[in-house]
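Undergrad: Protein chains in written order, with my numbering: chain A, 3 to 329; chain B, 56 to 416.
Hints are not guaranteed to be accurate.
Claimed, not checked - Restricting the straight-line Cα-Cα distance to at most 25 Å, the calculated cross-link-like pairs of lysine to any residue (SDA-like) are:
no. : chain 1 : residue 1 : chain 2 : residue 2
1   : B       : 382       : A       : 225
2   : A       : 58        : B       : 219
3   : A       : 328       : B       : 166
4   : B       : 382       : A       : 58
5   : A       : 82        : B       : 218
6   : A       : 76        : B       : 166
7   : A       : 69        : B       : 227
8   : A       : 76        : B       : 376
9   : A       : 76        : B       : 215
10  : A       : 82        : A       : 133
11  : B       : 382       : A       : 179
12  : A       : 91        : B       : 215
13  : B       : 382       : A       : 328
14  : A       : 76        : B       : 211
15  : A       : 76        : B       : 331
16  : A       : 82        : B       : 166
17  : A       : 58        : B       : 213
18  : A       : 328       : B       : 211
Bear in mind the hints are in silico, worked out from the structure with no lab data behind them.
All values derive from a computational prediction rather than experimental measurement.
Below are the chains, spelled out letter by letter.
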Amino acid sequence: MVKKTLTAASALLVGVTALAGCGDSDASGGDGKIVMGFAQVGAESGWRTANTESIKQSAEDAGFELKFSDAQGKQENQIKAIRSFIQQKVDVIAFSPVVETGWDAVLQEAKRAGIPVILTDRAVDSEDTSLYETFLGSDFVLEGEKAGEWLVENAAESDVDGDGDINVVQLEGTTGAAPAIDRAEGFASAIEADPSIEVTASQTGDFTRDGGKQVMESFLNSEDGIDVVFAHNDDMGLGAIEAIEAAGLEPGVDVKIITVDAVRDGMAALAEGKINFIVECNPLLGDQLMDLAEQVLDGEEVPERVVTEETTFTQEQAAEVLPDRKY
Amino acid sequence: MTDTLDRAPAPEEQAPRPGPVSRLLGHQLLWPVVAIVVMLVIDVIAVPSFLDLRVQDGHLYGNPVDIVRNSAPVMLVALGMTLVIATRGIDLSVGAVAAIAAAVACTRIVESADEGAASAAILACTTALAACVLLGVWNGFLVSVVGIQPIIATLVLMVAGRGLAMLVTDGQITTPSNDAFSGLATGFVLGLPIAFLIALGMVVLTAVLTRRTALGMLIEAVGINPDASRLAGVRARTITWTVYVFAAVCAGMAGLIIAANTNSVNANSLGLWIELDAILAVVIGGTALTGGRFSLAGTVVGALLISTLVRTIPSIGIPSEANYLFKAFVVILVCLLQSPRARAALRVRGRRAASSKAVAA
Numbered sequence: 003m004v005k006k007t008l009t010a011a012s013a014l015l016v017g018v019t020a021l022a023g024c025g026d027s028d029a030s031g032g033d034g035k036i037v038m039g040f041a042q043v044g045a046e047s048g049w050r051t052a053n054t055e056s057i058k059q060s061a062e063d064a065g066f067e068l069k070f071s072d073a074q075g076k077q078e079n080q081i082k083a084i085r086s087f088i089q090q091k092v093d094v095i096a097f098s099p100v101v102e103t104g105w106d107a108v109l110q111e112a113k114r115a116g117i118p119v120i121l122t123d124r125a126v127d128s129e130d131t132s133l134y135e136t137f138l139g140s141d142f143v144l145e146g147e148k149a150g151e152w153l154v155e156n157a158a159e160s161d162v163d164g165d166g167d168i169n170v171v172q173l174e175g176t177t178g179a180a181p182a183i184d185r186a187e188g189f190a191s192a193i194e195a196d197p198s199i200e201v202t203a204s205q206t207g208d209f210t211r212d213g214g215k216q217v218m219e220s221f222l223n224s225e226d227g228i229d230v231v232f233a234h235n236d237d238m239g240l241g242a243i244e245a246i247e248a249a250g251l252e253p254g255v256d257v258k259i260i261t262v263d264a265v266r267d268g269m270a271a272l273a274e275g276k277i278n279f280i281v282e283c284n285p286l287l288g289d290q291l292m293d294l295a296e297q298v299l300d301g302e303e304v305p306e307r308v309v310t311e312e313t314t315f316t317q318e319q320a321a322e323v324l325p326d327r328k329y
Numbered sequence: 056m057t058d059t060l061d062r063a064p065a066p067e068e069q070a071p072r073p074g075p076v077s078r079l080l081g082h083q084l085l086w087p088v089v090a091i092v093v094m095l096v097i098d099v100i101a102v103p104s105f106l107d108l109r110v111q112d113g114h115l116y117g118n119p120v121d122i123v124r125n126s127a128p129v130m131l132v133a134l135g136m137t138l139v140i141a142t143r144g145i146d147l148s149v150g151a152v153a154a155i156a157a158a159v160a161c162t163r164i165v166e167s168a169d170e171g172a173a174s175a176a177i178l179a180c181t182t183a184l185a186a187c188v189l190l191g192v193w194n195g196f197l198v199s200v201v202g203i204q205p206i207i208a209t210l211v212l213m214v215a216g217r218g219l220a221m222l223v224t225d226g227q228i229t230t231p232s233n234d235a236f237s238g239l240a241t242g243f244v245l246g247l248p249i250a251f252l253i254a255l256g257m258v259v260l261t262a263v264l265t266r267r268t269a270l271g272m273l274i275e276a277v278g279i280n281p282d283a284s285r286l287a288g289v290r291a292r293t294i295t296w297t298v299y300v301f302a303a304v305c306a307g308m309a310g311l312i313i314a315a316n317t318n319s320v321n322a323n324s325l326g327l328w329i330e331l332d333a334i335l336a337v338v339i340g341g342t343a344l345t346g347g348r349f350s351l352a353g354t355v356v357g358a359l360l361i362s363t364l365v366r367t368i369p370s371i372g373i374p375s376e377a378n379y380l381f382k383a384f385v386v387i388l389v390c391l392l393q394s395p396r397a398r399a400a401l402r403v404r405g406r407r408a409a410s411s412k413a414v415a416a
């Protein structure tokens with residue numbers, strides 16, 4: 003009895019979801035608005051939320067009709083969302099792929115339906131680049147390079163213990179994630195310019211504060227003379243700050259900290275002097291995305307790779323921009 | 056806690072009159088403890104100062120302190136999991152419950168009139184744990200009343216719970232600033248970390264409740280055969296229900312400690328996969344997944360093993376790409392050494408070697 007009720011209830015639920023999915027079947031309405039389907043990764047961080055806000059805001063400003071879908075970090079949800087965009091005959095599809103692989107089939111479907119696809123923030127690993135028009139996102143290698151270059155320029159001050167060697171510990175992002183791989187690569191290539199700078203230990207902190215804190219606690223106990231921490235995102239850097247303080251050291255002074263992202267909490271720590279340098283990874287790519295979409299739909303040639311406009315922040319700059327920081 | 060082992064002896068311990076050495080070798084906690092010691096030795100070889108302790112800001116500071124402190128969340132979750140597994144169940148939702156507890160507590164603190172007040176922290180933590188009781192009641196209801204398989208019943212909350220936590224925090228990383236709250240994870244009493252004392256306190260409390268009363272035996276009875284125990288007059292349903300509530304409360308406490316550790320809650324990542332670490336700790340500690348037998352001391356050792364492992368990885372410089380492999384390798388090794396069949400195979404070979412030596416002599 004219970005089982006039957008449950009089955010009936012779940013069947014009903016599926017039915018309702020399906021109805022909701024195709025309720026708006028004729029998407030490209032008669033009002034001539036451009037309809038964009040956007041499949042977001044999820045809402046896993048402040049960065050991502052800012053990214054979502056930016057896209058929604060820019061779509062409204064540009065007069066697009068936005069169909070937004072949140073994949074909650076799962077590829078299958080995202081593929082479903084893209085299929086439903088294709089069925090709804092949207093004018094353009096944009097999405098931030100959850101993972102790099104496994105997109106060929108669904109992108110082929112979009113191509114056959116004649117709907118252009120724009121990738122944002124993250125790339126896909128497909129040999130057939132004709133499956134998408136362009137990839138708009140940060141250059142993670144460049145971000146790592148910027149972090150490394152700052153360290154090379156400020157090498158003298160960064161040698162905290164004054165022994166002539168600058169020992170860097172690195173808090174990596176999630177193993178295998180593009181930003182983690184590329185930021186490490188960029189950083190390593192930039193610090194080659196100064197032989198006194200060396201990465202003495204490197205371990206993943208999974209892009210989380212807790213991970214960053216635990217790894218940093220361990221490094222503080224096992225590595226001698228740590229001068230600099232390079233964290234692949236602000237959150238791990240903030241975790242490292244807690245570990246450094248617990249060890250009785252002063253973050254930003256006894257140990258220099260460089261991070262990537264520039265979310266509000268990170269910027270606040272930078273302004274307070276607990277972080278020394280942040281390379282921005284800009285989530286506010288909505289305007290650039292809408293421009294690209296218009297160009298693609300107008301049949302203009304767009305470059306295969308568009309890099310988001312990004313900057314870097316020192317402690318003084320952080321204090322200036324912090325009051326207007328959106329995310 | 057030790058009477059756990061007396062009451063539920065491992066099969067090979069029932070062999071007639073084992074000598075003290077073979078009894079030690081047959082002890083189910085021997086190999087996990089050996090594994091911890093071996094890892095510490097490797098750590099000391101890699102980093103000679105690994106076990107050094109010093110006094111920092113009036114409390115002890117060093118790797119050993121961090122290891123016991125960081126073991127607290129897994130220990131708490133594993134404690135609840137031990138009782139659930141003893142009833143032949145499993146609770147996959149503990150990670151999500153931890154995230155919900157942390158989300159509720161942190162948002163309550165941030166929203167309270169005086170964010171830094173100790174009363175705000177106490178109120179927030181109480182609310183969070185009350186929420187956990189509700190979640191535990193839900194799990195227990197699905198398992199004991201509706202009769203859904205535990206792995207499926209708790210899977211519901213494992214998936215939905217993170218969404219719930221995200222709703223509570225609005226999908227944002229919430230960062231409370233409250234000294235009393237952060238003291239949960241980073242504070243010290245008598246030089247010892249509060250987080251560890253909380254976990255140990257819960258273990259002792261549970262040990263007293265289950266081993267000094269008949270409760271432990273009843274839980275094991277339900278695990279061995281729920282129907283038979285019900286026919287024998289044991290309130291199987293109530294006991295099953297209670298252990299899920301207990302597991303949820305333990306998970307909630309773990310969630311509060313994790314959040315307090317960094318003064319932040321990220322509903323997406325907090326306590327992610329902690330259910331697997333907890334199940335691992337329980338199993339390494341000698342509690343059978345088939346239920347009917349549990350060891351709280353084993354769970355404590357299992358949790359310490361995991362946190363030693365987590366600390367060893369960065370200390371000896373295992374590259375990020377290989378650290379799951381390393382973890383798996385250690386776990387498999389410990390499980391093999393614990394397995395009576397694998398040990399029996401080793402023993403036979405050992406005896407043969409010994410007897411052939413005797414013949415040769």
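Undergrad: Among the hints numbered above, which are violated by the structure, and what are their numbers in rising order?
TA: Result: hints 4, 6, 12, 13, 16, 17, 18 break, sorted rising.
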